[in-house]
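Same order as they appear, the protein sequences are chains A and B. Just so it is clear: in the first sequence, position 94 is 94 by our numbering, and no numbers are missing. Just so it is clear: in the second sequence, position 16 is 1016 by our numbering, and no numbers are missing.
Rather than coming from a laboratory, the hints here were simulated on the basis of the structure. We put the CB at the ideal spot given by N, CA and C, even for glycine. Some hints could be false.
Stated by the list, open to error - Pairwise CB distance ranges, derived in the manner of DEER restraints:
1) B:Glu1085 <-> A:Ile62: 24 to 34 Å
2) A:His17 <-> B:Gln1210: 49 to 59 Å
3) B:Ser1344 <-> A:Asp82: 52 to 62 Å
4) A:Arg127 <-> B:Arg1057: 15 to 25 Å
5) B:Pro1214 <-> A:Ser5: 50 to 60 Å
6) A:Phe88 <-> B:Gln1191: 48 to 58 Å
7) B:Ile1007 <-> A:Ala13: 50 to 60 Å
8) A:Ala54 <-> B:Gln1152: 29 to 39 Å
9) B:Ala1051 <-> A:His17: 31 to 41 Å
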Amino acid sequence: MSTLSEESRQIVASLAHRVGPNADIARIAQAIVSILQDMGAALTPIIGQQGVVALYRRSLHICVSTHPRLAGTYDSVQASLDLIALKFILVEQNETDALFFGDVLLTTFYELLTTLIGPSLTARLLRGVWEPSLSDTLSQETSP
Amino acid sequence: MSTKVTINRLATGVPGLDEVLGGGLPEFSFNLIAGPPGCGKTTLAHQMMFALATPERPALFFTVLGEPPLKMLRYQQQFDFFDSEAINQSIRYINLADDTLAGNLDEVLRRIVSEVEAHSPSLVFVDSFRSVVLASQTQDNPNNNLPQFVQQLGMLMTTWQATTFLIGEYFTETDTNPIFTVADGLIWLRQSVERNSMVRKMEIMKMRGQPTLPGLHTFRIATSGIKVFAPAPLNPVEAPQKSPIKRLKMGVPQLDEMLGGGLPQGYSLLVAGPSGSGKSILASTFLAEGARNGETGVIAVFEQRPNHSQNTTLAGLIQSGQVSLVDSRAPDLSIDEIVQLLLSEISRLKATRVVIDSLSGFELALAPTFREDFRESLSRMVSALTGAGVSVLMTSELEDRYTDLRFSPYGTAFLTDAIIVQRYIEVQSRLLRIMAVVKVRASAHSDELRLYRIDNNGLQIGEMLPDQEGLLGGRPTRRRVGKEEA
Chain A
1 MSTLSEESRQ IVASLAHRVG PNADIARIAQ AIVSILQDMG AALTPIIGQQ GVVALYRRSL
61 HICVSTHPRL AGTYDSVQAS LDLIALKFIL VEQNETDALF FGDVLLTTFY ELLTTLIGPS
121 LTARLLRGVW EPSLSDTLSQ ETSP
Chain B
1001 MSTKVTINRL ATGVPGLDEV LGGGLPEFSF NLIAGPPGCG KTTLAHQMMF ALATPERPAL
1061 FFTVLGEPPL KMLRYQQQFD FFDSEAINQS IRYINLADDT LAGNLDEVLR RIVSEVEAHS
1121 PSLVFVDSFR SVVLASQTQD NPNNNLPQFV QQLGMLMTTW QATTFLIGEY FTETDTNPIF
1181 TVADGLIWLR QSVERNSMVR KMEIMKMRGQ PTLPGLHTFR IATSGIKVFA PAPLNPVEAP
1241 QKSPIKRLKM GVPQLDEMLG GGLPQGYSLL VAGPSGSGKS ILASTFLAEG ARNGETGVIA
1301 VFEQRPNHSQ NTTLAGLIQS GQVSLVDSRA PDLSIDEIVQ LLLSEISRLK ATRVVIDSLS
1361 GFELALAPTF REDFRESLSR MVSALTGAGV SVLMTSELED RYTDLRFSPY GTAFLTDAII
1421 VQRYIEVQSR LLRIMAVVKV RASAHSDELR LYRIDNNGLQ IGEMLPDQEG LLGGRPTRRR
1481 VGKEEA
């Protein structure tokens, strides 16, 4: 679907934007985790903590089963929405692998939500996650 | 007088609901939408929410336990009223599952109040409220006082100028439940199942401060949302008949004569006769005559294949838009739904002539649950239609019985203002048709039994058969002229 590829492009751009020009592994891990956190923050009030955890676990499961090379590395983080554990694993990867995983996971999460509640509502709910980074106001989103 | 508070009534955005509520939803009221699972409670809430919420006065939708919000969003967006753009603008969903699971009603109340203070909503929904109650009951906590909780919630929401809806699964309305007492409004949704038919019904059991329409009102859920079929309002005072009475031509000149100059305007006419006697032909002639005089008409056909049975005259009229075809093959019809369909077509076309072909098919189209009240339903339909000022022609299938003179199998003949009866008779090894005008209320009419035949030009009325007697017995005998002359 063309809308999805558009969204995927946005997600990849957003991740790249958060990582910034100096793509060291710590920044990449931090960017992935912060996007997941922002998505969680946007969705939790509406679908509840349990709903977000379920989406995250399903997304991880899909990532690992569609990209077998991710299996060995990320099998262990499927248990819960433990972003600290995820970050811990991410920083041990090389930059390319971590970025690839980030793109795949975030896109999968987005697409999963789209299959459940449709593209327009998904875009509506997660708009705030991508918008600040796309409008080039980095300062807005770095504050915790 | 002017110092009394004025209660604004909100238009719910649900077709028919405002009428049933008695003029809309009282602002700042505290309401319960109740009913068994699957009866449309959440859909009703969403439809009202999307109609009423604005960015300035948003709606808060608290999801508690019960239907997971992801699924609710998934299914609710199938409806036309669902607008994704409104989410997080004029409509906010807030999930209280964790607070409810703890079973502490005070905490739940605190969360609701803090969100209400933060957003100043005009509308608050709690779905499902039943789960709040159940969660609190599982805790062995004496502080969880449900009546107190409900009472406080009701008071707080009204003070914050929020119109509130609690949505809950309740099965029996006779429960003594503190919610029923505190609520200003009780909207009860039901599903009535009989054999293979299911009819949704709604009852406003309570709505403080306004006259609701009592009883059960049918509604449907389609992709456009809920539609309630409120009974057609009856004019309390019928307009006095104008004299001289304006009469409508039937399209058969001799029949007009028999009726005393045509069918008086605003009358209901029953055409009763056996299968094949030409009732439908007379009905389409009636509409065609109207069209010839620049009038429009509406025909309701209750047949399995309405297009199949249409004659070319009628098909042409429908094609040209002079006659509107109401062909509701939706299952489980209610009388109010049919009346509403007819009335909306009548007002759309400014129609003056209406045909219902036939009452027998109409009875079959009704959901079984309404068939018991068929006479009453028919009476309501006839009054609603004639109340709208149109003239109505209804056909009624009648098995020929030669032992008595019947007009309709329903005992409904008295409901109509005029009756034409058609019969078969046997004369000289031929099956002939005769027709008579039995009744035209407050008007002189012919008492003749006239032969008629049907040809390519329609219905042709012929002579009487003065030399035959016993026509209504079906097997007339030649009158013995000589005896009388003697």
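Verification of the supplied hints:
In this structure, Glu1085 of chain B and Ile62 of chain A meet the distance hint of 24 to 34 Å, their C-beta atoms being roughly 29 Å apart. At roughly 56 Å, the beta-carbon separation of His17 of chain A and Gln1210 of chain B lies within the given 49 to 59 Å, and the hint holds. The hint said 52 to 62 Å for the Cβ distance between Ser1344 of chain B and Asp82 of chain A, and at roughly 59 Å that hint holds. Look at Arg127 of chain A against Arg1057 of chain B: about 22 Å separates their beta carbons, and that is inside 15 to 25 Å.
A hinted range of 50 to 60 Å for the beta carbons of Pro1214 of chain B and Ser5 of chain A is consistent with their spacing of about 57 Å. The supplied range of 48 to 58 Å is met by Phe88 of chain A and Gln1191 of chain B, whose beta-carbon atoms lie about 53 Å from each other. Checking the proposed 50 to 60 Å range against Ile1007 of chain B and Ala13 of chain A shows it holds: the Cβ atoms sit about 53 Å from each other. Checked against the given bound of 29 to 39 Å, the beta carbons of Ala54 of chain A and Gln1152 of chain B, roughly 33 Å apart, stay inside it.
A beta carbon spacing of about 39 Å between Ala1051 of chain B and His17 of chain A agrees with the range 31 to 41 Å that was offered as a hint.
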